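Top to bottom, those sequences are chains A, B, C and D. Here this note's numbering is used: position 42 in the first sequence is 42, and no number is missing along the way. This note's numbering runs 1000 ahead of the 1-based position in the second sequence. This note's numbering runs 2000 ahead of the 1-based position in the third sequence. This note's numbering runs 3000 ahead of the 1-based position in the fourth sequence.
Please note that a few of the clues may not be correct.
Stated by the list, open to error - Every beta carbon over 10 angstroms from chain B, so not counted as near; a handful from chain A, in silico:
id, residue
1, D35
2, K56
3, G111
4, G193
What the hints assert, rightly or not - Footprint (simulated), chain A over chain B, 3 or more residues, beta carbon under 8 angstroms:
id, stretch
5, 1050-1063
6, 1190-1203
Derived from the structure by calculation, the hints contain no laboratory data. If you're wondering where the values come from, they're calculated on a predicted model, not measured in any experiment. Every residue, glycine too, gets a C-beta built ideally from N, C-alpha and C.
There are 4 protein chains.
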Amino acid sequence: MLTKFLKSKTAFVFIEFQHEWIGENAPLKNRFVKDRELFDLSVSNAAQIITKAREKEWMIVHAGLDLSHDPEYLVFAGGTGKLGLAGAIPKVGTWQESGSRFVPPFCPEAGEFIVKGRAGASVLKHSTLDPFLRHNGISNLVLMGFATHVCVESTLRDAHDSGYNCIVVTDACGAFEQQQADYFEKHVLHHFGEGCITPELLSIL
Amino acid sequence: MLTKFLKSKTAFVFIEFQHEWIGENAPLKNRFVKDRELFDLSVSNAAQIITKAREKEWMIVHAGLDLSHDPEYLVFAGGTGKLGLAGAIPKVGTWQESGSRFVPPFCPEAGEFIVKGRAGASVLKHSTLDPFLRHNGISNLVLMGFATHVCVESTLRDAHDSGYNCIVVTDACGAFEQQQADYFEKHVLHHFGEGCITPELLSIL
Amino acid sequence: MLTKFLKSKTAFVFIEFQHEWIGENAPLKNRFVKDRELFDLSVSNAAQIITKAREKEWMIVHAGLDLSHDPEYLVFAGGTGKLGLAGAIPKVGTWQESGSRFVPPFCPEAGEFIVKGRAGASVLKHSTLDPFLRHNGISNLVLMGFATHVCVESTLRDAHDSGYNCIVVTDACGAFEQQQADYFEKHVLHHFGEGCITPELLSIL
Amino acid sequence: MLTKFLKSKTAFVFIEFQHEWIGENAPLKNRFVKDRELFDLSVSNAAQIITKAREKEWMIVHAGLDLSHDPEYLVFAGGTGKLGLAGAIPKVGTWQESGSRFVPPFCPEAGEFIVKGRAGASVLKHSTLDPFLRHNGISNLVLMGFATHVCVESTLRDAHDSGYNCIVVTDACGAFEQQQADYFEKHVLHHFGEGCITPELLSIL
């Protein structure tokens, strides 16, 4: 399917290539990621991809999370009594000023789209990504980022339901453990999209 | 958390208790479900739950899938060139007239809400469920149904991002294999909600 | 702009060509519509359009409202304490079995899409219309129906925000009074789309 | 209805109290607003409201538009070939750095929610407002801002369809001309919510 993705109808979506996951001391990585080698490899793979995608002028989208304007986490009512990430994020205190900074080479450049809004796991939900994609006639998404089984997967599932064709670059996504990456590829991906690996993707850009 | 769910703010959401999964010859079950005992147990658990929830007058929501008005699967452009369920459903030919019939005791009764719309895995997406919940002041969802790691999980993830507190009754949900149920409970659920089992739930209704 | 609408990227959206507005005794028309001639003209214009659009094989979408499965209007919590249509519809008792029937020549035919879901004024909101449009690569909408300043306008505004280009066929839409139609054309339309009239549209089909 | 709005379930939503409309030289006001007295009165009314609402600790929401991170208007594909605001905003060049600055006394303070995302007329669409409202159990909105018949009205219509009860403070909203304000009150408001005026609102805070 990947080879059928026309450049004019495709966006490369980089999910949370920000300080929390990949900066110095990367707080979320340090807290949650056990299989570090796997995780670090995904970052270097994604770096290769963004470099070549820029050279070849594919559309690049930066889908981060940024709650720096909301230090009390009002969007989650402060997190009290909230299940899941909506309760956990305020408790841990992530995605404020320093945590939400993009990290080179994933810092937005001119002509690249920065997603605004969003407070959940899917980067499409309650954000400017969907109108951007619609206005630009984009129907195919190439997904990369963190964490594979949390925000990347929620985005994949949401994008499927919204009518997009999604390819996940599995070795440019980071899970906490190898087992999660394996499960995602075997039991989840085919219900909502397809997978590819970095060398395959690079070879057709 | 379950014990804090006020009746007036809670809905029991039954996902796809329809012929495809639990009717005679249940086509989807027969095609995909390997661990049948596990699956059948979830149906009998859910039957106990709906019976008691009706007795005790909890709000009941029937969230099925029904494409019987769309025999050509126009909603998925016929499925050609579509990845995931949007491609698979038209190919398999599911969710037409017979497949979408509700199965006793899960047939809607007076005072119970029937979700309309929806064409994806999340029963909240593009459906009447969200305005129903909003208009009725419901902030807590109790989720049951099929398949655990496909539509139940997509609904859970979507509901979390929309700001609901969700409890999944894990033994009233059916996966294809035990491994998927186990993975869901261990690696997915806590990011988006909480789990409980049928006896716990019944004891507090 | 109309002349640039490619057939493959355009859908004709017929909003509420149902018994409530245009059937025998049309209850909503009889209750609300003062300028009947204007209203009836819009129906005959739309009839010409659907006939030619079918001949020329443009994509046709039937966007009705149908609450026949929800006789207690649970979706609006029964309407008590609800402002706007959500309070008014249950009070008036519209959009049940007979009111929601499509009226010839606007009854759906094979190959035409029937929107499901939706409980508000915009036919895009909480319905299957958006995934249908996305899956089919449709970016242009031609809107017709009732009432101009209520559901047609809400759809236009919502579609604009979702990233569609919309043309409203102003003389194939019915308002309650001429003044509303005039105001819509002069003060609303250009913020969200463009207008055309039936002869123009017919000439390019 | 206003008197039934519980403080814990209500948010005051200030729409676009930003430089484009109310700053020095306010570019959008200068370009579009003909009835300046009416417009300026709405600003002083809203100033009274925000002051008293802060004193009395009602929840305050700042729903601006900010495209300063998107100088090429990628979200609208640069605006070329786009109808409505999506075409007009890039042409006029509004909502960049200076235009999107909040203006005293409408600058966000601690404990007040700043909406992120959104690229259309409705401040609910594709923004963090809906999850904020949901997480905080808010079902009632008090709307104020600019322009009455454009973004305030789109928000009102969208909020209605999402299941909120909305009150528009009509004399704290600014239209381009008196006629638009009058039409909005007479022909639009009751379909989607209710109106009140500043003295009424102040008397119950």
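Checked hints:
Even its closest Cβ contact with chain B, about 13 angstroms, leaves A:D35 beyond 10 angstroms, as expected for a residue assigned away from the interface. For A:K56, the non-interface assignment is confirmed: its Cβ lies about 23 angstroms from the closest Cβ of chain B, beyond the 10 angstroms cut-off. Every CB of chain B lies more than 10 angstroms from the CB of A:G111, the least distance being 27 angstroms, so the non-interface label holds. Not every Cβ of chain B is farther than 10 angstroms from the Cβ of A:G193; the closest lies at roughly 5 angstroms, contradicting the non-interface assignment.
Remark: the stretch 1050-1063 of chain B is not confirmed as covered by chain A, as 0 of its residues place a Cβ nearer than 8 angstroms to a Cβ of that chain, below the required three. Counting residues of the stretch 1190-1203 of chain B whose CB lies closer than 8 angstroms to any CB of chain A gives 5, which reaches the minimum of 3, so the coverage claim holds.
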